[in-house]
Amino acid sequence: MTDPMLDIQNLKVVFGTGRLRVEAVKDVSFQVEAGAAYGLVGESGSGKSTVLRAICGLAPVSGGRVFVDGRDVPTPRDKAFYRTVQMVFQDPYASLHPRHTVDRTLSEPLAIHREKDAETRILQALREVGLGPSFRFRYPHQLSGGQRQRIAIARALILRPKVLLLDEPTSALDASVQAEILNLLDDLRRKMGLTYILVSHDLAVVAHLCERLLVMRHGEAVEETTAAALRSGQASNEYTQSLIDASRGYSREAVQPPPAIAV
Amino acid sequence: MTKPLLDVEDLRVRFHLRTGTVEAVRGVSFQLGRERLGIVGESGSGKSQTGRAILGLTPPPGEITAKRLAFDGIDLQTASRRTLRDLRGGRISMVMQDPKYSLNPVMTIGEQIIEAYRAHKRAGKAEARDKALAMLEAVKMRDPGRVFSLYPHEVSGGMGQRAMIAMMLVTDPDLLIADEPTSALDVTVSMEVLRILDELVSERGMGLIFISHDLKLVSSFCNRVLVMYAGRVVEELEARHLRDAKHPYTQGLMRCLPTLANDVRPLPTLDRDPSWAQ
Numbered sequence: 000m001t002d003p004m005l006d007i008q009n010l011k012v013v014f015g016t017g018r019l020r021v022e023a024v025k026d027v028s029f030q031v032e033a034g035a036a037y038g039l040v041g042e043s044g045s046g047k048s049t050v051l052r053a054i055c056g057l058a059p060v061s062g063g064r065v066f067v068d069g070r071d072v073p074t075p076r077d078k079a080f081y082r083t084v085q086m087v088f089q090d091p092y093a094s095l096h097p098r099h100t101v102d103r104t105l106s107e108p109l110a111i112h113r114e115k116d117a118e119t120r121i122l123q124a125l126r127e128v129g130l131g132p133s134f135r136f137r138y139p140h141q142l143s144g145g146q147r148q149r150i151a152i153a154r155a156l157i158l159r160p161k162v163l164l165l166d167e168p169t170s171a172l173d174a175s176v177q178a179e180i181l182n183l184l185d186d187l188r189r190k191m192g193l194t195y196i197l198v199s200h201d202l203a204v205v206a207h208l209c210e211r212l213l214v215m216r217h218g219e220a221v222e223e224t225t226a227a228a229l230r231s232g233q234a235s236n237e238y239t240q241s242l243i244d245a246s247r248g249y250s251r252e253a254v255q256p257p258p259a260i261a262v
Numbered sequence: 000m001t002k003p004l005l006d007v008e009d010l011r012v013r014f015h016l017r018t019g020t021v022e023a024v025r026g027v028s029f030q031l032g033r034e035r036l037g038i039v040g041e042s043g044s045g046k047s048q049t050g051r052a053i054l055g056l057t058p059p060p061g062e063i064t065a066k067r068l069a070f071d072g073i074d075l076q077t078a079s080r081r082t083l084r085d086l087r088g089g090r091i092s093m094v095m096q097d098p099k100y101s102l103n104p105v106m107t108i109g110e111q112i113i114e115a116y117r118a119h120k121r122a123g124k125a126e127a128r129d130k131a132l133a134m135l136e137a138v139k140m141r142d143p144g145r146v147f148s149l150y151p152h153e154v155s156g157g158m159g160q161r162a163m164i165a166m167m168l169v170t171d172p173d174l175l176i177a178d179e180p181t182s183a184l185d186v187t188v189s190m191e192v193l194r195i196l197d198e199l200v201s202e203r204g205m206g207l208i209f210i211s212h213d214l215k216l217v218s219s220f221c222n223r224v225l226v227m228y229a230g231r232v233v234e235e236l237e238a239r240h241l242r243d244a245k246h247p248y249t250q251g252l253m254r255c256l257p258t259l260a261n262d263v264r265p266l267p268t269l270d271r272d273p274s275w276a277q
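Those protein sequences? They're chains S and E, same order as listed.
For the first sequence, the residue numbers in numbering that gives the first Met the number 0 are 0 to 262.
For the second sequence, the residue numbers in numbering that gives the first Met the number 0 are 0 to 277.
Calculated directly from the structure, the hints in this document are not laboratory data.
Think of the CB as a built atom: it goes at the ideal place given N, C-alpha and C, for glycine as much as any other residue.
Watch out, some of these pointers could steer you wrong.
Claimed, not checked - Take a look, some chain S residues computed to stay more than 10 angstroms from chain E by CB distance:
| # | residue |
| --- | --- |
| 1 | 28 |
| 2 | 71 |
| 3 | 141 |
| 4 | 235 |
Claimed, not checked - Okay, the calculated bits of chain S under chain E, using three or more residues with CB under 8 angstroms as the criterion:
| # | stretch |
| --- | --- |
| 5 | 166-175 |
| 6 | 178-185 |
| 7 | 202-216 |
Claimed, not checked - Label pairs and their computed distance ranges (CB to CB):
| # | chain 1 | residue 1 | chain 2 | residue 2 | range |
| --- | --- | --- | --- | --- | --- |
| 8 | E | 274 | S | 119 | 32 to 42 angstroms |
| 9 | E | 150 | S | 57 | 25 to 35 angstroms |
| 10 | E | 150 | S | 15 | 15 to 25 angstroms |
| 11 | E | 80 | S | 117 | 53 to 63 angstroms |
Please model the entire structure based on the sequences and the hints provided.
What follows is the structure, given as structure tokens:
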């Protein structure tokens, strides 16, 4: 077996000290091979987003180790790290600078990493996410939610990273737009051989995009399972089962059927 | 045939802006008895504005017109402000999307429920307090006495939303409008909130308008569903017949959701036909 692209060993994230000490992530370990997509599922407060943030340096790694592409990541993260790993955030309304044009948003990472050919790279990045060159000089408020998320993905991809960290990339979007973004992410992964880590509370979305996933609760890993097992409804863990049930929609068992009064 | 609780005919909501007039709701008609009606649509479809217009909560430059907008025989368009004030929160209540923004941050949850109750019923402090505690218990708060004296920032999203439901139902309304009551909540928590809402609505036999973008959720919760697109109702159907939806927009909305049951890729996307908006 080849070395995993991402190897998380006993990751621990602690915020605050003394009375305010919170262990947001307790001893979470997982491995993701190159080109695979891995899901992190759980309710809010389960620490799933914190794992992502700890990987890319937005949250402290209080214990354990993070290896990316066989290399122990340094703190603070260096430029080489950000060339390998990029992140897409949940809310495209909040993650793009409101007073920067698309062009400026996309040229920033190129400038930081002293890349040449900014012009062609930007046009190419726009093309990759299915937007035309006409979007280049627009401001975020001139774009729809789906278009903004495409720009956020273009910004993450412009440095040609190997790993994309996706933090609820579709939960702020309408169902039909969600479908477009999921298709785009699927396509890009196939074309560029990207490795994904996807955080979501929506099991169906995770099962669609990922092959393997980790269910988290209260900062702990509950169960590692596969999308195929989810689809067949097999979960060895009670909590995972309750998530599967909840994703099927509201059910009225345990509740009396309402006396419907016809009008 | 009994008289409908709410009768809406040709409801229009317009916003006159500097850049022209935007019609957010364009001729929506429906009648509601003591049943559960779901209104589904994407953002910008006018579903929330429909709910707000019924209560007269359309924000200022907005203008509401309708051939008929009547609640239990009271014409909401010509009713005095006083009558409307009595109706709002009294006989018609509304649960908003995010408890973080819709609860008063500087009042305890208990005080807010008491305030809502005493604004509509003649009741002493002690009676209102008992009623508030009973209501907090009805929404399955584990320790009603403790929650009563907490501030909104001290409770979780699910608890906040249940407190909101308690506050809205304490006056025993005839009609509850729930605007995305669970979209700010986690899946498992939202199931719990829905179960509570379900119980209370059926116990008290009130009418419910449930506004949501989630077609699957609405169809499993409501009796009847209105599907809105660009300010119009494109399809009205029985929730249990959702699978046989006729309109291409409804079908498209159903298909583009990834499901655990089958693995389709690429996901079918929605091709919007301009004629739907006509």
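Results for each hint:
1. 28: Given a closest Cβ separation of 24 angstroms, the condition holds.
2. 71: 34 angstroms, holds
3. 141: 13 angstroms, holds
4. 235: 17 angstroms, holds
5. 166-175: holds (count 3)
6. 178-185: holds (count 5)
7. 202-216: Since 5 is at least three, the answer is holds.
8. 274/E <-> 119/S: 32 to 42 angstroms: 40 angstroms, holds
9. 150/E <-> 57/S: 25 to 35 angstroms: 29 angstroms, holds
10. 150/E <-> 15/S: 15 to 25 angstroms: 21 angstroms, holds
11. 80/E <-> 117/S: 53 to 63 angstroms: 59 angstroms, holds
Against the hints set out earlier in the document, no violation occurs for any number.
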